[in-house]
Amino acid sequence: YFIQSNLSEMASKMKDFVELGSKIICVGRNYAKHAKELGNSLPETPLIFSKPTTSYVKDGGSILYPSITNMLHHEVELGVIMSKVTSRITANAALDNVAGYAVCIDVTCRDIQEDCKNDGIPWTMAKSLDSFCPVGPFVSSHLIDPSNTEITLKVNDILKQQGNSRDMIFSIPYLIEYISAHITLLPGDLILTGTPEGVGPLQVGDKVTVAIPGISEASFYVK
Amino acid sequence: TLLYTIKFELQMMKDFVKQCTKIVCIGRNYAKHAAELGNEIPAEPFYFIKPTTCLVEDGGEIIYPDISNNIHHELELGVVIGKKMSKVTKENAMSYVAGYSVTIDVTCRDWQEKCKAERKPWSISKCLDTFCAVGPFIPADELAHDNVEMLLKVNEDKRQHVNTKDMLFDVPTLLEYVNQHITLLPGDLVQTGTPDGVGPMVKGDTVFVSIPGVSEASFKVV
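Protein sequence lines, in the order shown, are assigned to chains A and B.
Just so we're aligned, residue 1 is where the first sequence starts under our numbering, counting upward by one.
Just so we're aligned, residue 1 is where the second sequence starts under our numbering, counting upward by one.
No lab work stands behind these hints, which were simulated from the structure alone.
Do not take every clue at face value.
Some chain B residues near chain A, calculated using beta-carbon distances under 7 Å [said to hold, decoys possible]:
no.	residue
1	V17
2	F48
3	I49
4	T52
5	T53
6	K120
7	N163
8	H181
Restricting the straight-line Cα-Cα distance to at most 30 Å, the calculated cross-link-like pairs of lysine-lysine (DSS-like) are [to be verified]:
no.	chain 1	residue 1	chain 2	residue 2
9	B	K153	B	K14
10	A	K117	B	K90
11	A	K58	B	K83
12	B	K18	A	K58
We put the beta carbon where it would ideally sit given N, CA and C, even for glycine.
Given these sequences and hints, build the entire structure.
See below:
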């Protein structure tokens with residue numbers, strides 16, 4: 001009973017992670033087939049970038065298609081929500097500091113990203129704009145096995161991406177260890193853990209639905 | 001300044017570090033700095049974002065991370081946002097500014113070079129804990145954004161000295177550019193680029209930054 005009540009207390013706070021958290025840390029190239037589909041080599045260490053909290057969109061909200069791009073892409077990702085201040089944690093202990101999960105989209109301007117890579121400049125203008133982090137509802141950690149979780153994405157009810165976290169190159173505990181070695185994670189902070197293959201374009205008017213099948217689902221509309 | 005205190009609650013803005021939700025950093029906004037790192041002058045600004053766990057205040061410590069062998073200082077005028085703003089034009093941008101701070105964009109130069117060469121994001125070189133050292137809050141009416149003299153010294157060694165009139169893109173232009181697609185919130189900080197003279201800091205150094213006659217701050221590298 002004690003464990004259950006602690007979990008539900010934690011859960012009831014962290015369901016507001018969008019309002020409570022301070023940042024979103026994103027991991028790129030964490031599924032081999034996705035790296036391959038974009039012609040990228042596999043990373044030796046995790047590839048890290050971030051989104052600000054002004055990127056957040058909740059279930060039912062709108063993804064804003066910005067004027068500066070012609071190639072807005074979806075990337076479905078399993079998001080990890082931290083429960084405690086986490087600094088220099090080891091992978092073995094990392095999951096103790098996880099409050100829960102959410103199915104998310106790392107919205108990306110693929111053309112601007114390509115320009116940023118060619119110019120050797122940060123990816124911020126491709127990744128960190130308003131509405132570029134749609135998130136599904138908070139799912140308490142006791143409902144998820146982070147090493148074996150399926151995520152899916154549909155555009156207008158057509159399946160586009162389907163992956164399982166067991167295919168991650170760097171596991172969730174390892175990612176938390178790596179990030180927290182030099183970037184303190186705060187309660188409510190979100191980590192996006194990479195996307196499987198099948199990324200593709202979004203158009204104004206599209207409905208995008210993401211899911212952890214049987215557990216959680218959310219939809220967003222491209223405006 | 002009565003008008004000022006009506007517009008922005010001064011006490012809250014003095015504690016901008018507590019309210020801040022993000023730091024937006026402009027890259028390559030001074031011609032000589034672009035040149036010293038062998039970069040071209042950009043046609044448009046570019047920017048990146050530091051999380052709030054980077055913030056360290058006057059008197060605090062900059063942590064030298066064990067993953068780098070070349071930590072650099074970059075002196076920057078910080079602009080503190082006073083009101084939520086979205087898609088504000090440069091004509092109106094300054095009315096959203098609560099004030100300023102003299103700041104350092106701390107950088108792992110070695111990781112940044114590696115990220116550029118490998119076409120990767122810069123976060124590992126720019127976003128580590130204590131990588132945004134900030135001086136005390138300066139109310140907006142105490143400075144003219146396009147005529148701010150700033151200095152950075154490492155120990156007794158004067159390294160960077162600039163007047164913001166040398167910016168390639170001025171503060172209102174930068175705010176409009178960022179704000180087209182990224183909402184800025186009260187307490188958010190915009191670091192507006194560094195002049196030439198960037199260089200290394202090592203453990204044990206004390207770094208001094210100042211706007212002569214107006215503000216100063218120091219940080220110890222540990």
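(request) Sort out which numbered hints this structure fails and list those numbers smallest first. (result) Numbers 1 and 7 - these are the hints that the structure violates, sorted from lowest upward.
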